Amino acid sequence: MKKVININFQGRVIPIEETAYEILKRYIDSLRQFFANEEGKDEIINDIESRIGELFDEQLKKGAPCITDADVETVIASIGRPEDFEADDAEYQGTKASANKTYASEAGPQQAYVRHERFYRDENNKLIGGVCAGLASYFGIDKLVVRILFVIFTFAFAFGIVAYLILWVAIPSTASEKIGAYRKRLFRDPENKLIGGVCGGLASYFGVNVWIPRVLFLIPFLSFVTNWNHWGVFNFPNFINLSFSPGATLLYIILWLIIPEAVSTSDKLEMKGEKIDLNSIKNTIQKDMEGFGERAKDFGKEVGERASKIGSEIGQRGKQMGSDAGHAVRRSGRTFGDVIALLFKIFAYFILAVILLAIVVTLFGLGIAATGLLPFKPYIIDNGWQSILLWGTYIFFIWIPVIGIITWIVRKITRIRSNSNVMRFGFAAMWILGWICFIGLLASLRNDFSYHNNPVENNITLSNASIDKMEVKFNNSDKYYFDNNFFHFEPFAYVDEDTVSINNIHVRILKSGNDSFKVKVLKLAYGTTKLVAEQRADNINFNISQTDSVLNFDRGIPVTKTDKFRNQSVYVTIYVPVGKRIYIDDNIGWGNDFHIDLGNDVDDWNWRRNNEGYDWSNSVEYIMTNDGLKPTHPTENDDNNDDNNSDDQPASPAPPEKPGKADSSKYHYQPPSNNSSTDTIKKEASINNSSNIKSRVNITDIASSFFERLSL
Amino acid sequence: MDIQNTQSQMRKGVLEFCILSIIRQGEVYPSDIVDKMKGANLHILEGTLYPLLTRLKNAGYLTYRWVESNSGPPRKYFLMTDAGLQFYGELERTWKELADAVQTLTSTNGNIEVPEEIPNNNQ
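If you're matching them up, the sequences are chains A and B in order. Going by our numbering, the first sequence opens with residue 130, and the numbers climb by one from there. Going by our numbering, the second sequence opens with residue 151, and the numbers climb by one from there.
Keep in mind that the hints were calculated from the coordinates and are not lab data. Just so you know, these numbers come straight off a predicted model, no measurement behind them. The reader is advised that the hints may include incorrect statements.
Mimicking DSS-like on lysine-lysine, the simulated pairs with C-alpha atoms at most 27 angstroms apart in a straight line are [unchecked claim]:
hint	chain 1	residue 1	chain 2	residue 2
1	B	K188	A	K191
2	B	K188	A	K170
3	B	K226	A	K190
4	A	K191	A	K132
5	B	K188	A	K190
6	B	K162	A	K170
7	B	K207	B	K186
8	A	K170	B	K207
9	B	K226	A	K191
10	B	K226	A	K170
Some chain A residues flagged as far from chain B (calculated, every beta-carbon gap over 12 angstroms) [unchecked claim]:
hint	residue
11	G326
12	I469
13	I532
14	W560
15	A572
16	T590
17	I596
18	N604
19	L639
20	D644
All residues carry an ideal CB built from backbone N, CA and C; glycine is no exception.
Full structure from sequences and hints, please.
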């Protein structure tokens, strides 16, 4: 059942099936594109249209109720498709073919290869889709060699067939090249632009309404705006949103730079050219498959002929043996060399593509990571100059090279060459500005970190210092409301509305001189002057409370936007008497601290680096001996210890250790009762009191070492 | 390099000449040209013919006339101009020379079996 519509076609009323009308319309469009550059194209199209109308009329006069698909196909066949004109059209053939082809006569006695400058599927020599023939003519080798290679790859790795299909769809055929405007290209649409015409061009490339790409570009912006106020809520989906809103701008800018503007009429036609969708791909394949049987037969015949020729040749050669043998070797050697060259070229291109992709991804990652750190800006950076310098660094130092390199790569790939000097100098200038901002920022930060307060340890009075065992726990505060947060920016474990909580809490264990526990706390902070540093250190709000044998530590050091982060840290030293036990809960996190190292003139306080304290791991019970700190359970396996000890609930004094206790219960995972977020990650992170703190890779260290070199 | 390509190249060269020779005999409708050429076993697509006619017309060798048709709108008939006649004369001379040359060359080649002229795959 088909719908019939009436169309007014060159002064005739034609009843035509809707599907037939679609075919007709596409056909006329293809003609229009074909004759796009022809003088008097409208006249030609009009003439052809009226001829088609006449043919339809005849069909209707014969008594047909309406024009069907078949009728249209018949008419098209008699008028001819643009591809068919190619062979007939002297002028096109003359100009375009000579531009594309050079006839190479070197390649053997009877074979003259048609060599293309670009890689096309070879329409004239195709067996299935012309991929092999196209490859062969591109690399100037025998198409038989390429076909054999493909067959080998297909049978050996099932890879050839996939490669073939991809190339079939992806590579334009020589037919489409000759027609020129037949395939769609991506342009910026100057007639349909708000900013750069990128969306307009995208819309006509994908055949959708202009507002669709526009809205797609705007959506991240909307969420950007709505999320602005919730930057404090630093979880992963938000992170994506945040980083992709600059991403959309960036994408737009890159597309703007890369995509050429549709200036000439033929550009505009190409821009709106054939619709690239599954249907057109299907059509290509269908068309290509027509006459496959015939061509296969031909190919078989060709192979047979060749084989017999080679056979007779071998026979002949056999008779004269000597003289021509060298020639034969040379020939086969060259073919083999060609194959190697082809494989090598493919391999090289592949590697190159991977490297370029990696660079682009890395740069994007860098930029996005920088964007992700922006929520922490107010906690570190002063308002005013420092903030301006930070934005300058962010935009010009980080994103400009990202945009620049990506643009450069894409332009290299697409071989666009236009006013690239302007762009090069523009990018260079902006990047230099970025360097200036970056250096200025480092200098001003360094100034802020130039002094620290006098380290003074304060004793914490313990109510019953002579207990047998001390436990250290870290409080779970109400503030820390994201428990199931899978993205965790470790150093700033928690971001609250206006406060970040920093894990800069270091615990050292030392031997006590007498038989009672002793706890000392030291608060440290940096500042532009000693006085500021002192004040800041005093401001550190870190509490230790005691209930029975349990010491409760605050989980982190709160830092507000007004306070700013200036390496505030807390050092807790626990002196354990010989023969007594200590147990530190694993809630401390992973022992990450956050520390900005700028400049060596600050005598980085020796506590950070000293190795005086004993090594200890969290969730392991230790006993102090004369030789140092020893685990109470001789550890076979850290995991076991972990589980074992989580049995011992903090409030109840643990029973004395039973060496070799290996009950089945320790293989059961028992979630520690009131532990929070980090407990889900049951990872044993050994905190060697101070030494491993330093071993963390710290970007700021790298930056500062660079800066030092620069300033000295 | 295949045989079809060479054949179509050969045919292309004489296409304009053949079309002009048909039009010279009197004003014609394009589909009549196709029919006549088909009768002489020389195939051409209408899609190729129309641009060619337009090009010749724009070059001033042809002109056209609207002729009322008893079915539907008027039809475009092509006829030759004086310039066209002159142009045709030159083509004819070139063709004669070429034909003679080819004749001379091929006849000395001995009687190689000349494959039957296969029409191009455009129908």
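Verification of the supplied hints:
{"no.": "1", "hint": "K188(B) x K191(A)", "verdict": "holds, 23 angstroms"}
{"no.": "2", "hint": "K188(B) x K170(A)", "verdict": "holds, 26 angstroms"}
{"no.": "3", "hint": "K226(B) x K190(A)", "verdict": "holds, 21 angstroms"}
{"no.": "4", "hint": "K191(A) x K132(A)", "verdict": "holds, 21 angstroms"}
{"no.": "5", "hint": "K188(B) x K190(A)", "verdict": "holds, 24 angstroms"}
{"no.": "6", "hint": "K162(B) x K170(A)", "verdict": "holds, 21 angstroms"}
{"no.": "7", "hint": "K207(B) x K186(B)", "verdict": "holds, 20 angstroms"}
{"no.": "8", "hint": "K170(A) x K207(B)", "verdict": "holds, 13 angstroms"}
{"no.": "9", "hint": "K226(B) x K191(A)", "verdict": "holds, 23 angstroms"}
{"no.": "10", "hint": "K226(B) x K170(A)", "verdict": "holds, 16 angstroms"}
{"no.": "11", "hint": "G326", "verdict": "holds, 33 angstroms"}
{"no.": "12", "hint": "I469", "verdict": "holds, 27 angstroms"}
{"no.": "13", "hint": "I532", "verdict": "holds, 46 angstroms"}
{"no.": "14", "hint": "W560", "verdict": "holds, 53 angstroms"}
{"no.": "15", "hint": "A572", "verdict": "holds, 71 angstroms"}
{"no.": "16", "hint": "T590", "verdict": "holds, 101 angstroms"}
{"no.": "17", "hint": "I596", "verdict": "holds, 99 angstroms"}
{"no.": "18", "hint": "N604", "verdict": "holds, 85 angstroms"}
{"no.": "19", "hint": "L639", "verdict": "holds, 91 angstroms"}
{"no.": "20", "hint": "D644", "verdict": "holds, 103 angstroms"}
Violated hints are absent here; each numbered hint is respected by the structure.
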